[in-house]
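Chemist: Got chain C; can you put chains P and S on it based on the hints?
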Amino acid sequence: MDTKEYILKNLRKNVRETYDMPDLSFRKRTYDNPVDAFIETTTTTAGAKLMEIKAGDDINQKIREAYPDAKIIASNIPGIEASLNPDSVAEAQELEKTDVGVIKGEVACAENGCVWIPQTMKEKAICFISECLVILVSRQNIVSNMHEAYERIQFNEYGFGTFISGPSKTADIEQSLVYGAQAARDVTIFLTD
Amino acid sequence: MKIGLFVPCYVDALYPEVGVATYKLLRSLGLEVDYPESQTCCGQPMGNAGFENMSGNLAEKYDDLFSGFDYVVAPSASCAAYVRLFHPEILKHDCVAAKKTLDLVEFLHDVLKVDHLLSKFSHKVSIHNSCHGVRELGLSSPSERNVPRFSKIRDLLSLVEGITILEPERVDECCGFGGMFSIEEPAVSTRMGTDKLKRHMATGAEYITGPDSSCLMHMQGIAKKQNLPIKFIHVAEILASGL
Amino acid sequence: MSTKHSIAAEKFIQNSERVTRHDQTFWSVRSKRDALAYELDEWENLREAASNIKKHTVTHLADYLEQFEQNATRNGAIVHWAKDAEEYNQIVWSILRQHEVRKVVKSKSMLTEECHLNDHLIGNGIDVVETDLGERILQLMELAPSHIVMPAIHITREQVAECFRQKGIIAEHGAHAAEGILPEGEDYTQSSDPTFLTRAARYHLRDNFMTAECGMTGANFGIAETGDIVVCTNEGNADMSTSVPKLHIVSMGIEKLIPNYEAMGVFQRLLARHGTGQATTVYTSHFRGPRPGGEMHIILVDNGRSSILGNEEHWQTLKCMRCGACMNTCPVYRRSGGYSYTYFIPGPIGINLGMLKNPDEHYHNLSACSLCCSCDNVCPVKVDLSSQIYRWRQNLDGMHHSDAIKKAMSKGMKILFEHPSLYVTSLKFAPLVNVMPKCLTDIRLNGWAYGHTMPVFAKKSFHEIWKKQLKSENV
Numbered sequence: 000m001d002t003k004e005y006i007l008k009n010l011r012k013n014v015r016e017t018y019d020m021p022d023l024s025f026r027k028r029t030y031d032n033p034v035d036a037f038i039e040t041t042t043t044t045a046g047a048k049l050m051e052i053k054a055g056d057d058i059n060q061k062i063r064e065a066y067p068d069a070k071i072i073a074s075n076i077p078g079i080e081a082s083l084n085p086d087s088v089a090e091a092q093e094l095e096k097t098d099v100g101v102i103k104g105e106v107a108c109a110e111n112g113c114v115w116i117p118q119t120m121k122e123k124a125i126c127f128i129s130e131c132l133v134i135l136v137s138r139q140n141i142v143s144n145m146h147e148a149y150e151r152i153q154f155n156e157y158g159f160g161t162f163i164s165g166p167s168k169t170a171d172i173e174q175s176l177v178y179g180a181q182a183a184r185d186v187t188i189f190l191t192d
Numbered sequence: 000m001k002i003g004l005f006v007p008c009y010v011d012a013l014y015p016e017v018g019v020a021t022y023k024l025l026r027s028l029g030l031e032v033d034y035p036e037s038q039t040c041c042g043q044p045m046g047n048a049g050f051e052n053m054s055g056n057l058a059e060k061y062d063d064l065f066s067g068f069d070y071v072v073a074p075s076a077s078c079a080a081y082v083r084l085f086h087p088e089i090l091k092h093d094c095v096a097a098k099k100t101l102d103l104v105e106f107l108h109d110v111l112k113v114d115h116l117l118s119k120f121s122h123k124v125s126i127h128n129s130c131h132g133v134r135e136l137g138l139s140s141p142s143e144r145n146v147p148r149f150s151k152i153r154d155l156l157s158l159v160e161g162i163t164i165l166e167p168e169r170v171d172e173c174c175g176f177g178g179m180f181s182i183e184e185p186a187v188s189t190r191m192g193t194d195k196l197k198r199h200m201a202t203g204a205e206y207i208t209g210p211d212s213s214c215l216m217h218m219q220g221i222a223k224k225q226n227l228p229i230k231f232i233h234v235a236e237i238l239a240s241g242l
Numbered sequence: 000m001s002t003k004h005s006i007a008a009e010k011f012i013q014n015s016e017r018v019t020r021h022d023q024t025f026w027s028v029r030s031k032r033d034a035l036a037y038e039l040d041e042w043e044n045l046r047e048a049a050s051n052i053k054k055h056t057v058t059h060l061a062d063y064l065e066q067f068e069q070n071a072t073r074n075g076a077i078v079h080w081a082k083d084a085e086e087y088n089q090i091v092w093s094i095l096r097q098h099e100v101r102k103v104v105k106s107k108s109m110l111t112e113e114c115h116l117n118d119h120l121i122g123n124g125i126d127v128v129e130t131d132l133g134e135r136i137l138q139l140m141e142l143a144p145s146h147i148v149m150p151a152i153h154i155t156r157e158q159v160a161e162c163f164r165q166k167g168i169i170a171e172h173g174a175h176a177a178e179g180i181l182p183e184g185e186d187y188t189q190s191s192d193p194t195f196l197t198r199a200a201r202y203h204l205r206d207n208f209m210t211a212e213c214g215m216t217g218a219n220f221g222i223a224e225t226g227d228i229v230v231c232t233n234e235g236n237a238d239m240s241t242s243v244p245k246l247h248i249v250s251m252g253i254e255k256l257i258p259n260y261e262a263m264g265v266f267q268r269l270l271a272r273h274g275t276g277q278a279t280t281v282y283t284s285h286f287r288g289p290r291p292g293g294e295m296h297i298i299l300v301d302n303g304r305s306s307i308l309g310n311e312e313h314w315q316t317l318k319c320m321r322c323g324a325c326m327n328t329c330p331v332y333r334r335s336g337g338y339s340y341t342y343f344i345p346g347p348i349g350i351n352l353g354m355l356k357n358p359d360e361h362y363h364n365l366s367a368c369s370l371c372c373s374c375d376n377v378c379p380v381k382v383d384l385s386s387q388i389y390r391w392r393q394n395l396d397g398m399h400h401s402d403a404i405k406k407a408m409s410k411g412m413k414i415l416f417e418h419p420s421l422y423v424t425s426l427k428f429a430p431l432v433n434v435m436p437k438c439l440t441d442i443r444l445n446g447w448a449y450g451h452t453m454p455v456f457a458k459k460s461f462h463e464i465w466k467k468q469l470k471s472e473n474v
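Chains as they are written, first to last, in numbering that gives the first Met the number 0: chain C, 0 to 192; chain P, 0 to 242; chain S, 0 to 474.
Think of the hints as simulated: they come from the structure by calculation, not from any bench. Cβ atoms here follow ideal geometry from the backbone N, Cα and C, with glycine treated the same way. Be a bit skeptical, because a hint or two may be false.
[To be verified] Within a straight-line C-alpha distance of at most 20 Å, the following computed PhoX-like cross-link-like pairs (lysine-lysine) qualify:
id, chain 1, residue 1, chain 2, residue 2
1, P, K197, P, K230
2, P, K23, S, K459
3, C, K3, S, K82
4, P, K99, P, K1
5, S, K245, C, K121
6, C, K8, S, K82
7, P, K60, P, K123
8, P, K23, S, K467
9, C, K103, C, K61
10, S, K470, P, K1
11, S, K410, P, K60
[Unchecked claim] Derived list of chain S stretches under chain C, where covered just means 3 residues or more per stretch with a C-beta under 8 Å from a C-beta of chain C:
id, region
12, 30–44
13, 204–215
14, 234–248
15, 302–312
16, 356–369
Only chain C is shown next, with the shape it has when bound in the complex (with noise of 0.2 Å):
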């Protein structure tokens, strides 16, 4: 018997008795206005910036107002004045140096600040390697918690997708919260219309 037939054998010769799935139809928490709760999440516990974008904006001029110093930018939003684009790059270690990556979020969640992020890009590399990141999202697309935020995500042929809720943070050292683990160190949130 090879090991797969073995361990679903035990598994069905084990089980006694079996349990339905649960209802889930409870009452979860809501916000009356979730836009408002996302803001205050992000820039509270989330640890991030952000940054609101009114129609008519110039973002690449929003960009360089956040990260004054950035040199490198990386990106493949059409319109977005980068130097490194992660769909054209041969090696995803060519976005080392990246300092600022701009990237792209379709649902926002108000409860954790959670922002979710497909990949849309050949190396997702970006969204981790970046020094910074500034994440454009739409106020459009704010959603209470996170039971609704996995009713709206969408995959594409990438086959990755990612929930980021501010810069990259460990208390790994005497429980002292730092910034800057292994991935971005600063994120903002753009927030569109």
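Modeler: Positioned in the frame of chain C, the structure of chains P and S alone reads:
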């Protein structure tokens, strides 16, 4: 209402005044109380040590002795919990007496719904929420859970004239008694007890009070050894003070 | 009457300051968790739901595993099955050999600890680099984790600094790491500033991410309906490990599976809130197939789990999602430290898992519980941890591991308590113990005497007071 008084073994031998207070309190509330003399122990010491099978006869006997009462009341949350929750499992059959066994606090609070007392106790006390009282009997809301806050002990003590009720930081953290645990893990048990004592004392209380003499005995032993200036009193004694 | 745990705990407790620090560290995590619990109205609904989802899933696990395999395979992943640690280690090694991998970057996985994967790979000449900061510190110090979520929290910043100096990390990355972190002119080679040390580790690990040929992750969840592997981290190290190397190997215990996204919403909300007291981890990453031009392997590991399902008293340990909340709340764990346990997972869940793994080796941990039941109340999936410990204790005698003194004491109590006349007689003579010379009662063998004075027997027991006084008044 006919009440069977269950005075657990160690209360019997070490803290008879707690049994007396419980008896007087119940009588003062107009109840018929009897104390079956051949009672001894609920069997918890053996169970916690890993010899639950040695407490089967005790559980059977407990059921025989107490099944004729309307309620069985014990001034010990941990023992009441053991009887009510563990006896039926040990014996693998329904236990009449176990179902009717309550700790004194829950009996007064939930059954009699006592709303006034004649007792007076003009002292500052810090409530010791014993683990089995909180998490097995539900005498107060467990701090781990998102449930409405309540404390049956506090409710009852509030009826006592002159009392100042305090509670320590980490309101229901274990004091480290745990029966055989205190003997098998003396270092951890003593450290837990010492930490708990410090938090109780930090409230400024003169007394530590609780529904379980076992926890009080443990902390008392440590306090004495370390010469800590704090006194101990069972909740029953406060509620019965002046009777 | 001592166990390996009680002996190790006593040693740990000698250093009172360390105990205080350890206790406060984990209590503060518990407090953060509580704060989140109190502010979320559906908290208890979520716990109940999580428990029931897990009960459902593990009792239909064979079906869900088949569904998961189908979907993951359709997504382009390669699924392997391992019945035990040995087979698992061999599968990993064969994948690495096939791809001529020399260096692996690894994010934290308790399963790889359970199977001793690192030793196996290092023995075969692979450079294995742990990338979770805490795990990396421990790896460099050649120590085991002392907690499953905060593995190196017992190490001081000075010890970390010393380790980084010894391993050349400060010499190589210190100058860069100090920029903008330490005041100008400060001698960074002597600094133990956590931000500076974290930054130095960041650059050190960057070098490894850039040059590794394989990234390994664990799995917090596998989703049957979609074939997703979900990995949650704060540092982003799992993502760094899988964004540069082309080869991704996932190790997942079969019990980590959940049915669908609806269930995932419940668990995502509970995991970080329980584990670290955060509303979410920074990254919740869904891997649904290999990266462009790469390969993704998923190894489904049994290693005893399918047999645990058949254990009537302990099958619910399979609900555990390894959040560490039971450790944080355990008053014994907080005061005895992770290394006082013989199993690599400490605390309430570790006591139970150790017994399921090898009772002859790990029964010593059963003493590490005062039965306070706090763990039962924090557990996000409602594993009945303390009841399980109580039940193990009942089985020790049958396993020939019961303590002779405890057994004798229990037997003595049985005789005493079953014979009321004997009991009443001994009550009469009990006060005599009070006047015995202290040296007779205060012996070293007596654990009670370690930290307590002896309790004082009352001059008259309640029995006696009843008979002589109360009974006659009771009309």
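Chemist: For each hint, tell me whether it holds in the structure or not.
Modeler: Hints and how they fare:
1. Distance check on the hinted pair: P:K197 and P:K230 sit about 13 Å apart at the alpha-carbon level, within 20 Å; holds.
2. In summary, the hint linking P:K23 to S:K459 is supported, as the alpha carbons are separated by about 17 Å, within the 20 Å threshold.
3. About 8 Å separates the Cα atoms of C:K3 and S:K82, which keeps this hinted pair within 20 Å; it holds.
4. A C-alpha spacing of about 11 Å is found between P:K99 and P:K1, which places the hinted pair at or below 20 Å, so the restraint holds.
5. Between S:K245 and C:K121 the alpha-carbon distance is near 12 Å, which keeps this suggested pair within the 20 Å criterion.
6. Distance hint between C:K8 and S:K82 is fulfilled; the C-alpha atoms sit about 12 Å from each other, no more than 20 Å.
7. Distance check on the hinted pair: P:K60 and P:K123 sit about 41 Å apart at the alpha-carbon level, beyond 20 Å; violated.
8. A C-alpha spacing of about 15 Å is found between P:K23 and S:K467, which places the hinted pair at or below 20 Å, so the restraint holds.
9. Proximity of C:K103 to C:K61 is assessed by CA-CA distance (about 15 Å); at most 20 Å being required, the pair is judged to hold.
10. Using a Cα cut-off of 20 Å, the hinted pair S:K470 and P:K1 holds, with the two alpha carbons roughly 15 Å apart.
11. Between S:K410 and P:K60 the CA atoms are separated by roughly 17 Å; this keeps the pair inside 20 Å, and the hint holds.
12. Only residues whose C-beta sits within less than 8 Å of a C-beta in chain C count toward coverage, and the region 30–44 of chain S has 4 of them, enough to reach three; the restraint holds.
13. A count of 4 residues in the region 204–215 of chain S with a Cβ less than 8 Å from any Cβ of chain C is obtained; the coverage claim is therefore met, three being the minimum.
14. Coverage of the region 234–248 of chain S by chain C holds [criterion: at least 3 residues with CB-CB distance below 8 Å; count 7].
15. Judged by the Cβ-Cβ criterion of 8 Å, the region 302–312 of chain S is covered by chain C as claimed, because 5 of its residues qualify and three suffice.
16. Using a Cβ-Cβ cut-off of 8 Å, 0 residues of the region 356–369 of chain S lie near chain C, which falls short of the minimum of three, so the contact claim is violated.
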